[in-house]
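*Asks:* The lines below spell out each chain.
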Amino acid sequence: MKARIKVTLKNGVLDPQGKAIEGALGALGFSGIESVRQGKFIEVELAEKDRTKAAAAIDEMCRKLLANTVIENYAVELDEK
Amino acid sequence: MKARIKVTLKNGVLDPQGKAIEGALGALGFSGIESVRQGKFIEVELAEKDRTKAAAAIDEMCRKLLANTVIENYAVELDEK
Amino acid sequence: MIPNVVPVTPELIAEHGLKPDEYQRILDLIGREPTLTELGIFSAMWNEHCSYKSSKKWLRTLPTTGPRVICGPGENAGVVDIGDGQAIIFKMESHNHPSYIEPHEGAATGVGGILRDVFTMGARPVAALNALRFGAPEHPRTRHIVSGVVAGIGGYGNSFGVPTIGGEVNFDPSYNGNCLVNAFAAGLADADKIFYSEAKGVGLPIVYLGSKTGRDGIHGATMASAEFGEGTEEKRPTVQIGDPFSEKLLLEACLELMASGAVIAIQDMGAAGLTCSAVEMGAKGNLGVELDLDKVPCREDGMSAYEMMLSESQERMLMVLDPAREKDAEAIFVKWGLDFAIIGKTTDDLRFRVRRHGDVMADLPIKELGDQAPEYDRPWIATAKPETLSPASAPAPSDVGEALARLIGLPDMCSRRWVWEQYDHLIQGNTAVGPGGDAAVIRVERQKKGLAFSLDVTPRYCAADPVEGGKQAVAECWRNLTAVGAEPLAITDNLNFGNPEKPEIMGQLVGCIQGIGEASRALDFPVVSGNVSLYNETNGKGILPTPTIGGVGLLPDVAQRATIPFKAEGEAIILVGETKGHLGQSIYLRDIAGKSDDKSAPPPVNLAVERRNGDFVRTEIRAGNLTAVHDLSDGGVFVALAEMAIASGIGARVKPETALPLHAWAFGEDQARYLVTMPEKDAESFMARAAQAGVPAARIGVTGGSELTLAGATPISLVELGVAHEGWLPAYMAEGAEL
Amino acid sequence: MKSAVVVFPGSNRERDMLYALELITGVKPHAVWHTERDLPDVDLVVLPGGFSYGDYLRTGAIAARGNIMPAIAKAADRGVRILGVCNGFQILCEAGLLPGVLMRNAGLKFVCRHVKLQVVNAETDFTRKYERGQVWNCPVAHGDGNYFTDTDTLARLEGEGRVALRYAEGTNPNGSLNDIAGILNERGNVFGLMPHPENMIEPLNGATDGRALFESVLEAVA
Ligand SMILES: Nc1ncnc2c1ncn2[C@@H]1O[C@H](COP(=O)(O)OP(=O)(O)O)[C@@H](O)[C@H]1O
Ligand SMILES: [Mg+2]
Chain A
1233 MKARIKVTLK NGVLDPQGKA IEGALGALGF SGIESVRQGK FIEVELAEKD
1283 RTKAAAAIDE MCRKLLANTV IENYAVELDE K
Chain B
1233 MKARIKVTLK NGVLDPQGKA IEGALGALGF SGIESVRQGK FIEVELAEKD
1283 RTKAAAAIDE MCRKLLANTV IENYAVELDE K
Chain C
590 MIPNVVPVTP ELIAEHGLKP DEYQRILDLI GREPTLTELG IFSAMWNEHC
640 SYKSSKKWLR TLPTTGPRVI CGPGENAGVV DIGDGQAIIF KMESHNHPSY
690 IEPHEGAATG VGGILRDVFT MGARPVAALN ALRFGAPEHP RTRHIVSGVV
740 AGIGGYGNSF GVPTIGGEVN FDPSYNGNCL VNAFAAGLAD ADKIFYSEAK
790 GVGLPIVYLG SKTGRDGIHG ATMASAEFGE GTEEKRPTVQ IGDPFSEKLL
840 LEACLELMAS GAVIAIQDMG AAGLTCSAVE MGAKGNLGVE LDLDKVPCRE
890 DGMSAYEMML SESQERMLMV LDPAREKDAE AIFVKWGLDF AIIGKTTDDL
940 RFRVRRHGDV MADLPIKELG DQAPEYDRPW IATAKPETLS PASAPAPSDV
990 GEALARLIGL PDMCSRRWVW EQYDHLIQGN TAVGPGGDAA VIRVERQKKG
1040 LAFSLDVTPR YCAADPVEGG KQAVAECWRN LTAVGAEPLA ITDNLNFGNP
1090 EKPEIMGQLV GCIQGIGEAS RALDFPVVSG NVSLYNETNG KGILPTPTIG
1140 GVGLLPDVAQ RATIPFKAEG EAIILVGETK GHLGQSIYLR DIAGKSDDKS
1190 APPPVNLAVE RRNGDFVRTE IRAGNLTAVH DLSDGGVFVA LAEMAIASGI
1240 GARVKPETAL PLHAWAFGED QARYLVTMPE KDAESFMARA AQAGVPAARI
1290 GVTGGSELTL AGATPISLVE LGVAHEGWLP AYMAEGAEL
Chain D
3 MKSAVVVFPG SNRERDMLYA LELITGVKPH AVWHTERDLP DVDLVVLPGG
53 FSYGDYLRTG AIAARGNIMP AIAKAADRGV RILGVCNGFQ ILCEAGLLPG
103 VLMRNAGLKF VCRHVKLQVV NAETDFTRKY ERGQVWNCPV AHGDGNYFTD
153 TDTLARLEGE GRVALRYAEG TNPNGSLNDI AGILNERGNV FGLMPHPENM
203 IEPLNGATDG RALFESVLEA VA
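Chains as they are written, first to last, in the working numbering: chain A, 1233 to 1313; chain B, 1233 to 1313; chain C, 590 to 1328; chain D, 3 to 224.
Possibly wrong hints are sitting among the right ones.
[What the hints assert, rightly or not] A few chain B positions that, by computed beta-carbon distances, are all more than 12 Å from chain C:
#1 Lys1234
#2 Asp1247
#3 Ala1252
#4 Ser1263
#5 Gly1264
#6 Glu1277
#7 Ala1279
#8 Lys1281
#9 Lys1285
#10 Ala1288
#11 Leu1310
#12 Asp1311
#13 Glu1312
[Unchecked claim] Under the rule of at most 25 Å between Cα atoms (straight-line distance), these lysine to any residue pairs were calculated in the SDA-like manner:
#14 D:Lys76 with B:Ala1259
#15 A:Lys1238 with B:Lys1296
#16 C:Lys1038 with C:Gly674
#17 A:Lys1281 with A:Glu1309
#18 C:Lys1156 with D:Lys118
#19 C:Lys1169 with C:Asp1223
#20 C:Lys1188 with C:Ser1295
#21 C:Lys924 with B:Ser1267
#22 A:Lys1285 with B:Gly1264
#23 A:Lys1238 with D:Arg67
#24 A:Lys1242 with D:Leu179
#25 B:Lys1234 with A:Lys1285
#26 A:Lys1251 with D:Thr173
#27 B:Lys1234 with A:Asn1243
#28 B:Lys1238 with A:Asp1291
#29 A:Lys1296 with B:Lys1296
#30 C:Lys974 with C:Gly674
#31 A:Lys1272 with D:Arg67
#32 B:Lys1238 with A:Tyr1306
Calculated from the structure, these hints are not laboratory results. All residues carry an ideal CB built from backbone N, CA and C; glycine is no exception.
Please model the entire structure based on the sequences and the hints provided.
*Replies:* What follows is the structure, encoded as structure tokens:
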């Protein structure tokens, strides 16, 4: 089972990297950019075949380590493969 | 238009972060983890309403700034909103 | 998996960087066609980087011994005695091409490689420096490369935990398509606990330690081999990624392991990883080596013997362990969470044998792999001796003060703060003089003494006159160490040149080595390690010859160091050394007078004078007579004065007594000179001592005020100078933001 | 004073800290490896600077979940003084022993330079040897020192005098909220700061302004 996890900053949390990217894109001549936010994209390959169990495990991983839930949200996609 | 961009390391490129996360998950007692890879997830809000134009602009941003195409791949999803 | 037996076509040979006669040499040596793995092994061992085939003949002419030299060239790094049973171990190495392709990772892995060379010998790294050469600022790729290289160097060293305390940054169009990243590292060890790469003992386990092996950096060679296998997409050569975290663990594990007494021999895996390290360990110890590649920890599936032998994955070590201590060693590897495996053993048959899946993939004579490498006496043409430019024939500026204000803010002259603030230069708590001084100085941990470091070369001098340029690079390095009060001990060199198959380029290499040799002999400043990087060319045009010199000096008492800033108002400023107003190849001539095509001679180096003046200044520093010291180089007296003033916020009033045109006096780049300050009351006796030592010295002015005033020129405010000096680099980098 | 320095894989200023503590307290501190589950009996536990686990994922995140952390939390509950410097501060935040997070520097670059620190609260166990309002010199060396927390927490920190140190005179190197350089927990026995007082203790360092921080703890536990 493969899990694709997006970790994004919560609304209202300052995002220095996103802001810098926004500035850099502007400097490169791109216009009409309203906002940029940067997060993480983590892919985890699991031996677990059972979807429910895998989902539960990944959720726990996110809560315990992969996301800092004080400032971050996470979303998981599971994929047989 | 909102673009969601996943930037991931190319196959075969060493991913020290992924390796460290894998180790940490193991230490936390998670078993059956076969691999972890870490990438970036970038969300860009564009004023552009035209899908084709937006796609072209985002692609250029990725090549010029958001991804390091020597070592990274990128994938874009576009979303009206 | 790539098959091991393939038709050896001329294309395949060429793609492995081997010339037809070199291939013939292989056939003669082994009496049969090589397997693919064997061809790969030969190509790795016999390339320029490992075999020094174009430079060896000339490198042999360098002086490499001295009373303090414990180990000269031939090991991972040079070892020099610093008293009290301690040694300093240091080396410099280039990572030019990788840094051009991927600036961040290329530079980072360059730092990682040189740190490994140092701790492989049992030393804890205590200082890192780097000499960087970039293309013209206006070239479209330059900014991207500067940004990536600096972040890469900082990112690696900061995380590893070594202070990065100095270096060089220059811009020149000749580096547009070929930047130079020369990384220097130095470490401390007990002089009787140095570790070498020579294997000892038959049948001993060879242990692999560190990160797993992947398909990193298997250069062009892989492209050739890929057509033999399936899944070519997957096997494309990849850039090496630095992992400073693993390197830090490797450092601690190695030092712990060495202290435990389990290590018999150790060698890091650098260029051509497993191949070079295993062959060197065996060949040096007159032993054969047998490797079972199935045991090698791999990061990717299905790696062939060929790929494993050529992989340049980072943060890996190879060692011969005392079998009686295997358990202790294992406990240390486990503690640090590192991959390790016994991957082979030493043998008595002098063969280098490599197995994969039980099959012998390579079986070669181990000594010959290194000893029988081709060596060339390449044709060379000496660079024509240039004419000397007379001071009077160099165009004058409309105002010398205004010229200074421009000079101090030029790309090659401005402050490098933007660079070194990204480097942790304070970690370890021993930094006495950080970046920005003549030489960087650290205290030797828990001791009174200190060590000084400096990297130097003036490529435009080397281009105009390789011999004088080579001499000058060594002399300037020696002078920088002297200017902080250190006794110069020894050097490492990093010779960056174009294509040695061109006689003019070979002539530059030969000339520079000759100059380096002359200077290091005259100054008792032996060469204990080094590295050669050739083929630095784009579209058939070579870089400026750039033989970077890295010097190390010793201060008996770090508290006696001298620094650049003026210390008080009303102090005497004295110029030590003779000023002849030599403007040929000067920054002034190139950048202010607009003579970028200057073909005249660089300033000549008189090594006896260099030594006499320097020894005098060092004695005065150590006697505590001087309050500030700065050596003179690019930009001459006036630039040095400005730097002393800006660094202190104290101005100066200067009135030279000279028959020279003012701009030649102010900006001439005559060698063997220093600016020193002292309380006014001490000036007279200083002048007397200088006269007695036969050292030319002239009182040229007094510190004080908030301006730099040179009689005959418009005074300039320090604020204005400071803004110009600090401004250029941050402003330049801000123009094209990078992530 | 008895002290301990906790060492994680990738810590790299632990030797600086061990040296500083020995120099200032006159007692050799313990070095505690992260896999331990118990701490020695000490008055001060220090989490030193560095790049624990390479700073991968988030700074301090992996170390904060290490074996030794429950023991540190328990010690904090007992009132033992806990000091986190730089990466140590990041770990304390990730472990929830201090509120908030340290994000990427606003300039996105690693910054190593001297800054000026202003003592906002001189009545803490970590700052009592300074004067209130005193400004001192101290180096910083970090890429992620940009302190951030929600507005309620920020108001509480400020209101309760738990912002002990601020970057002074426009020297904020990282964009941290309210120029915060160092904060305390509610009880006042856990302190985290980004700057490196352990590198400001001898004339060689240019000044000795960092000593008072260690001397404060020394006095507090006496
Ligand atoms: N220009 C040089 N001057 C003196 N010694 C050199 C020079 N270039 C290389 N050497 C020495 O040759 C040996 C092999 O160098 P190198 O292959 O770069 O080392 P490594 O295998 O550790 O990367 C080293 O001991 C090095 O110090
Ligand atoms: Mg080496």
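*Asks:* Does each hint fit the structure? Answer for all of them.
*Replies:* Taking the hints in turn, this is what the structure says about them:
Once the 12 Å rule is applied to beta carbons, Lys1234 of chain B is consistent with being away from chain C; the minimum gap is 20 Å. In this structure Asp1247 of chain B is not separated from chain C by more than 12 Å, as the shortest Cβ-Cβ distance comes to only about 8 Å. For Ala1252 of chain B, the requirement that its beta carbon stay farther than 12 Å from each beta carbon of chain C is not met, with the minimum near 7 Å. Taking the minimum C-beta to C-beta distance to chain C, about 17 Å, the non-interface status of Ser1263 of chain B holds against the 12 Å cut.
For Gly1264 of chain B, the shortest C-beta to C-beta distance to chain C comes to about 18 Å, beyond the 12 Å cut-off, and the non-interface label holds. Distance check for Glu1277 of chain B against chain C: the nearest CB is about 18 Å away, which clears 12 Å, and the non-interface claim stands. Every CB of chain C lies more than 12 Å from the CB of Ala1279 of chain B, the least distance being 21 Å, so the non-interface label holds. No Cβ of chain C approaches the Cβ of Lys1281 of chain B within 12 Å, the least distance being about 27 Å, so the stated non-interface status holds.
With 12 Å as the threshold on Cβ separation, the claim that Lys1285 of chain B sits away from chain C holds: the shortest Cβ distance comes to roughly 24 Å. Non-interface status of Ala1288 of chain B relative to chain C is upheld: no Cβ of that chain comes within 12 Å, the nearest being about 21 Å off. Remark: the non-interface label on Leu1310 of chain B is consistent with the geometry, its nearest Cβ contact in chain C lying 22 Å away (cut-off 12 Å). The non-interface label for Asp1311 of chain B is consistent with chain C: the shortest C-beta to C-beta separation is roughly 23 Å, beyond 12 Å.
No beta-carbon of chain C comes within 12 Å of the beta-carbon of Glu1312 of chain B; the shortest separation is about 27 Å. The hinted pair formed by Lys76 of chain D and Ala1259 of chain B meets the criterion: a straight-line CA distance of about 21 Å does not exceed 25 Å. At roughly 23 Å between alpha-carbon atoms, Lys1238 of chain A and Lys1296 of chain B fall within 25 Å of each other, so this suggested pair holds. Taken as a hint, the Lys1038 of chain C and Gly674 of chain C pair is honoured in the structure, with Cα atoms around 13 Å apart against an allowance of 25 Å.
About 15 Å separates the Cα atoms of Lys1281 of chain A and Glu1309 of chain A, which keeps this hinted pair within 25 Å; it holds. The hinted pair formed by Lys1156 of chain C and Lys118 of chain D meets the criterion: a straight-line CA distance of about 22 Å does not exceed 25 Å. Distance check on the hinted pair: Lys1169 of chain C and Asp1223 of chain C sit about 15 Å apart at the alpha-carbon level, within 25 Å; holds. Note on Lys1188 of chain C and Ser1295 of chain C: the hinted pairing is violated, with a Cα-Cα distance of about 38 Å set against a maximum of 25 Å.
A hinted pair counts as satisfied when its Cα atoms are at most 25 Å apart, and Lys924 of chain C with Ser1267 of chain B qualifies at roughly 22 Å. Between Lys1285 of chain A and Gly1264 of chain B, the direct Cα distance comes to roughly 12 Å. Compliance with the 25 Å bound is thereby established for this hinted pair. For the hint pairing Lys1238 of chain A with Arg67 of chain D, the CA-to-CA distance comes to about 21 Å; that is within 25 Å, so the pair holds. Distance restraint check for Lys1242 of chain A and Leu179 of chain D: the Cα-Cα separation of roughly 17 Å lies within the 25 Å cut-off, and the hinted pair is therefore satisfied.
Only pairs whose Cα atoms come within 25 Å are accepted, and Lys1234 of chain B paired with Lys1285 of chain A is rejected, the gap being roughly 33 Å. Distance hint between Lys1251 of chain A and Thr173 of chain D is fulfilled; the C-alpha atoms sit about 21 Å from each other, no more than 25 Å. With a C-alpha separation of about 16 Å, the suggested pair Lys1234 of chain B and Asn1243 of chain A falls inside the 25 Å cut-off, and the hint holds. Between Lys1238 of chain B and Asp1291 of chain A the CA atoms are separated by roughly 20 Å; this keeps the pair inside 25 Å, and the hint holds.
Pair hint Lys1296 of chain A plus Lys1296 of chain B does not hold up; C-alpha atoms about 35 Å apart against a cutoff of 25 Å. As the CA atoms of Lys974 of chain C and Gly674 of chain C are separated by approximately 46 Å, the hinted pair breaks the 25 Å bound. For the given pair, Lys1272 of chain A sits about 20 Å from Arg67 of chain D by alpha-carbon distance, which is consistent with the 25 Å threshold. A C-alpha spacing of about 14 Å is found between Lys1238 of chain B and Tyr1306 of chain A, which places the hinted pair at or below 25 Å, so the restraint holds.
Of the numbered hints stated above, those contradicted by the structure are hints 2, 3, 20, 25, 29, 30, listed in ascending order.
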